[in-house]
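Undergrad: Got chain A sorted already, so can you dock chain B onto it with the hints?
Line by line, the protein sequences are chains A and B.
Position 133 (the first sequence) corresponds to 133 in the UniProt record's numbering; numbering is contiguous.
Position 337 (the second sequence) corresponds to 337 in the UniProt record's numbering; numbering is contiguous.
It is possible that some hints are incorrect.
[Stated by the list, open to error] Computed cross-link-like contacts, DSBU-like style, restricted to lysine-lysine with a CA-CA straight-line distance of at most 35 Å:
{"hint": "1", "chain 1": "B", "residue 1": "LYS375", "chain 2": "B", "residue 2": "LYS186"}
{"hint": "2", "chain 1": "B", "residue 1": "LYS251", "chain 2": "A", "residue 2": "LYS153"}
{"hint": "3", "chain 1": "B", "residue 1": "LYS251", "chain 2": "B", "residue 2": "LYS186"}
{"hint": "4", "chain 1": "B", "residue 1": "LYS375", "chain 2": "B", "residue 2": "LYS343"}
{"hint": "5", "chain 1": "B", "residue 1": "LYS269", "chain 2": "A", "residue 2": "LYS153"}
{"hint": "6", "chain 1": "B", "residue 1": "LYS186", "chain 2": "B", "residue 2": "LYS269"}
{"hint": "7", "chain 1": "B", "residue 1": "LYS375", "chain 2": "B", "residue 2": "LYS251"}
{"hint": "8", "chain 1": "B", "residue 1": "LYS375", "chain 2": "B", "residue 2": "LYS269"}
{"hint": "9", "chain 1": "B", "residue 1": "LYS343", "chain 2": "B", "residue 2": "LYS269"}
{"hint": "10", "chain 1": "A", "residue 1": "LYS153", "chain 2": "B", "residue 2": "LYS375"}
{"hint": "11", "chain 1": "A", "residue 1": "LYS153", "chain 2": "B", "residue 2": "LYS343"}
{"hint": "12", "chain 1": "B", "residue 1": "LYS269", "chain 2": "B", "residue 2": "LYS251"}
Keep in mind that the hints were calculated from the coordinates and are not lab data.
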Amino acid sequence: MTTSLTAPAAPARQQLPRAHTRARTRRSTAGRRERRTGLAMASPALILLLLFLVIPVLLAFGLSFTNARLISPNPPRFVGLDNFVRAFTADPVFLRSTLNTFVFAAVVVPVQAALGLALAVLVNQKVRGVTAFRVIFFVPVVTSIVVVSILWKFMYQSDGLINSFIDTVTFGAWQGTAWLNNPSTALGAIIVLSIWQAVGFHMLIWLSGLQTIPEELYEAARMDGASPWQQFTNVTWPGLRSTMVFVLVTITIAALGLFVQVDVMTQGGPVNSTTTLVYHAVRKGYREQETGYGATISLIFFVIVLVIALVQRYLTRDED
Amino acid sequence: MNRRPLMKIVAMSTVGTVALTACGQAGRGPTTSDDGRVQLTMWTHSAGNPAELEVYEQIIADFNASQDEYEVVEESFPQGAYNDAIVAAAAAGDLPCLLDMDGPIVPNWAWAEYIQPLGLPTEITDALLPTVVGSYQDEIYSAGYWDAALSVFARRSVLDANGIRIPTVDEPWTVDEFNAALATLKDAGYETPLDIGAEDQGEWWSYAYSPMLQSAGGDEIDRDTYLSAEGALNGPEAVEFFTWFQDAFAKGWTSSDGTIGNEEFNTDKAALAYTGVWNAMDSLEAVGDDLLILPPPDFGTGPKIGGGSWQWGISSTCESPEGARAYLEFSFQDEYIAAFSDKQVVIPATAGAEALSANFGPDGALRPFVELSQKFALARPETPAYPVISSTFEKAAKDIMNGADVQSTLDGAVQEIDTNIESNDGYGF
Numbered sequence: 001m002t003t004s005l006t007a008p009a010a011p012a013r014q015q016l017p018r019a020h021t022r023a024r025t026r027r028s029t030a031g032r033r034e035r036r037t038g039l040a041m042a043s044p045a046l047i048l049l050l051l052f053l054v055i056p057v058l059l060a061f062g063l064s065f066t067n068a069r070l071i072s073p074n075p076p077r078f079v080g081l082d083n084f085v086r087a088f089t090a091d092p093v094f095l096r097s098t099l100n101t102f103v104f105a106a107v108v109v110p111v112q113a114a115l116g117l118a119l120a121v122l123v124n125q126k127v128r129g130v131t132a133f134r135v136i137f138f139v140p141v142v143t144s145i146v147v148v149s150i151l152w153k154f155m156y157q158s159d160g161l162i163n164s165f166i167d168t169v170t171f172g173a174w175q176g177t178a179w180l181n182n183p184s185t186a187l188g189a190i191i192v193l194s195i196w197q198a199v200g201f202h203m204l205i206w207l208s209g210l211q212t213i214p215e216e217l218y219e220a221a222r223m224d225g226a227s228p229w230q231q232f233t234n235v236t237w238p239g240l241r242s243t244m245v246f247v248l249v250t251i252t253i254a255a256l257g258l259f260v261q262v263d264v265m266t267q268g269g270p271v272n273s274t275t276t277l278v279y280h281a282v283r284k285g286y287r288e289q290e291t292g293y294g295a296t297i298s299l300i301f302f303v304i305v306l307v308i309a310l311v312q313r314y315l316t317r318d319e320d
Numbered sequence: 001m002n003r004r005p006l007m008k009i010v011a012m013s014t015v016g017t018v019a020l021t022a023c024g025q026a027g028r029g030p031t032t033s034d035d036g037r038v039q040l041t042m043w044t045h046s047a048g049n050p051a052e053l054e055v056y057e058q059i060i061a062d063f064n065a066s067q068d069e070y071e072v073v074e075e076s077f078p079q080g081a082y083n084d085a086i087v088a089a090a091a092a093g094d095l096p097c098l099l100d101m102d103g104p105i106v107p108n109w110a111w112a113e114y115i116q117p118l119g120l121p122t123e124i125t126d127a128l129l130p131t132v133v134g135s136y137q138d139e140i141y142s143a144g145y146w147d148a149a150l151s152v153f154a155r156r157s158v159l160d161a162n163g164i165r166i167p168t169v170d171e172p173w174t175v176d177e178f179n180a181a182l183a184t185l186k187d188a189g190y191e192t193p194l195d196i197g198a199e200d201q202g203e204w205w206s207y208a209y210s211p212m213l214q215s216a217g218g219d220e221i222d223r224d225t226y227l228s229a230e231g232a233l234n235g236p237e238a239v240e241f242f243t244w245f246q247d248a249f250a251k252g253w254t255s256s257d258g259t260i261g262n263e264e265f266n267t268d269k270a271a272l273a274y275t276g277v278w279n280a281m282d283s284l285e286a287v288g289d290d291l292l293i294l295p296p297p298d299f300g301t302g303p304k305i306g307g308g309s310w311q312w313g314i315s316s317t318c319e320s321p322e323g324a325r326a327y328l329e330f331s332f333q334d335e336y337i338a339a340f341s342d343k344q345v346v347i348p349a350t351a352g353a354e355a356l357s358a359n360f361g362p363d364g365a366l367r368p369f370v371e372l373s374q375k376f377a378l379a380r381p382e383t384p385a386y387p388v389i390s391s392t393f394e395k396a397a398k399d400i401m402n403g404a405d406v407q408s409t410l411d412g413a414v415q416e417i418d419t420n421i422e423s424n425d426g427y428g429f
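Pulled out of the complex, with its shape left as it was, chain A reads as follows:
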């Protein structure tokens, strides 16, 4: 940027040597000062990022090829690809965690995005009291996920709110199960809770996207006799393209990182039906103190997320 500013000024130097030199000095001192201020402003964030993001990532990369332990009198030893071989051949829980993570993301990403859009369209109406609904849908987002998980854990119990609700509306014809203790329902239960908790956030983003679409386009569409559904598919949806990309990427990354709900509600159980990659990494790397192996799982997780994000980026790239 600085070079492009100074370069065109160069030919003028011959004609007005003195005056220009002074101006240039002034401008470059100003530029230097600006750069310094910029650096000073960015430095707290840069230092923190370096300290808590870049260095740990590099450490994790290095540690994943060792047998480093959280607590051990023996120094870590280089073990090559042993940890990776162990993950893919001798650790069924790791494979199950990978599967669960993908299932979770595969359900949550489309459902949460669609539900968020539906809610956004609803609360975008110009009706009295619509702000109240926006607030209600947004409340779970600002509630701590730990609190939400504990509350839902109670609700999912065999004599909890959900089952007594089912009991009441079906007049006792259908009995619910202890949702979180049943291997075939536990992951589903966590999926429902997670969508409920986060959908408000994405509703808000969709909403901001909706409000950037100019009213004239709808007016024009109406004059052409477009039905509400045609308006949606031909005006709203194309107008939301960049919002859609953002929503998709953020939900995917959040869904792949599923941890708190599992940690609070099921600890990966019953029978591994809710264990996820991040949860497994924490369990192995910290609770069972195998730092090296935990780092390996994290590294694999990192690569998976990276690949998925790149694929999404490629699929949603601008055609031109």
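TA: Chain B only, in chain A's frame:
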């Protein structure tokens, strides 16, 4: 306009950095006090437990007043964050001189060289209950003032009304009798007759259910070599016990729902509760004379209960271990041990303190716990691999509870434990 927020950010970061540095330095601290005494830093896990803390403060005040060479400076942490604080402090070389720790972690920390051999006179350690002394490879590393014990709570009236024999320490329930009792109570209208505590998590699982496994003839690891769990955790005895465990849930004798604590028993929703001495006072209040404190059932080789509670050790980096020893020697007085016992409702570790205590003396209401502890207590495996064993045991037992195949789940757990031991070169065994 732009400057003020910037100044604010800079100021905040500076303050933050200074505060963090100060925290980092806090652990080290000055080693001498104003009047020239050597300071001994001491960490406890009892920040959330005012009753326990009160006794420590009393001991420290008495000790500091009793001599002019050392001064103990106490700092307490909440239990949930305590082990993390120790591990972090050890990594930073900032361990306090005196620290307390849960019994089963002692071999791990001894192996990791966090703590040094205790070196207390044998008169003191020999007088203690064997399960409150923590050792690793025949060397004593820690000692505690009390132990906890597990038992089965019941109401005399309920057992009598259903014609169930009241077991004794000499003649506990056999597993068949126990099954029959549970079936009878279920028929008598208790939806889940036994509160086994399965809604809890963490160390509780290994503490509560591995003694049952040992009673059946299995174990969490082969205690002859400490190198493998093969045959102990997946042998026929273990399979038999875990099949019983799975059935108990499947038949509705017990459940993993419910609340942590003893509420179900106190309100008579459960007829029996498998729980510890720490819940005894509440139940005594709720049930009164009707309360029975019974030995757990015999799964084959006699009843067993877990032993080992919080204990004290001296860190390997302590600059004046003599001072730390002097404090610990001073603290093992019967009156202090009795005070811990009274305030926290735990079993005192010496016979002298038992006589002094309000609940555990020969006529005390909680006396049965002393007998259970003396007769049946078994320490958890004294190996540095224990944290992994415990975590693996919990996961396997939970999976079995939820219907996983018993044999293959146990085989998987054995494989996990053995892999871990191998990757640690046998943990020094």
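Undergrad: Sort out whether LYS186 (chain B) lies within 35 Å of LYS375 (chain B), counting only the CA atoms.
TA: holds, 30 Å
Undergrad: Taking only the CA atoms, is the gap from LYS269 (chain B) to LYS153 (chain A) under or equal to 35 Å?
TA: The hint holds at about 21 Å.
Undergrad: For the pair supplied as a hint, LYS251 (chain B) and LYS186 (chain B), is the alpha-carbon distance within the 35 Å limit?
TA: holds, 10 Å
Undergrad: Between LYS186 (chain B) and LYS269 (chain B), is the straight-line Cα distance small enough, at 35 Å or below?
TA: holds, 11 Å
Undergrad: Can the restraint linking LYS153 (chain A) and LYS343 (chain B) be considered satisfied, given a maximum Cα separation of 35 Å?
TA: This hinted pair holds, its Cα atoms lying about 33 Å apart.
Undergrad: Check the hint pairing LYS375 (chain B) with LYS251 (chain B) against an upper bound of 35 Å on the C-alpha distance.
TA: holds, 31 Å
Undergrad: Is the straight-line distance between the alpha-carbon of LYS251 (chain B) and that of LYS153 (chain A) 35 Å or less?
TA: The hint holds at about 23 Å.
Undergrad: Do the alpha carbons of LYS375 (chain B) and LYS269 (chain B) lie within 35 Å of each other, as the hint requires?
TA: Given pair LYS375 (chain B), LYS269 (chain B) holds - Cα atoms ~30 Å apart, limit 35 Å.
Undergrad: Can you confirm whether the C-alpha distance between LYS343 (chain B) and LYS269 (chain B) stays at or below 35 Å?
TA: Given pair LYS343 (chain B), LYS269 (chain B) holds - Cα atoms ~28 Å apart, limit 35 Å.
Undergrad: Between the alpha carbons of LYS153 (chain A) and LYS375 (chain B), is the straight-line distance 35 Å or under?
TA: Outside the cut-off at roughly 39 Å; violated.
Undergrad: Mind checking the alpha carbons of LYS375 (chain B) and LYS343 (chain B) for me, to see if they're no more than 35 Å apart?
TA: Roughly 24 Å separates the two Cα atoms, so the pair holds.
Undergrad: Would you check the hint for LYS269 (chain B) and LYS251 (chain B), treating anything up to 35 Å between C-alpha atoms as holding?
TA: Holds. LYS269 (chain B) to LYS251 (chain B) sits at ~17 Å (cutoff 35 Å).
Consistency with the previously given hints fails for number 10 only.
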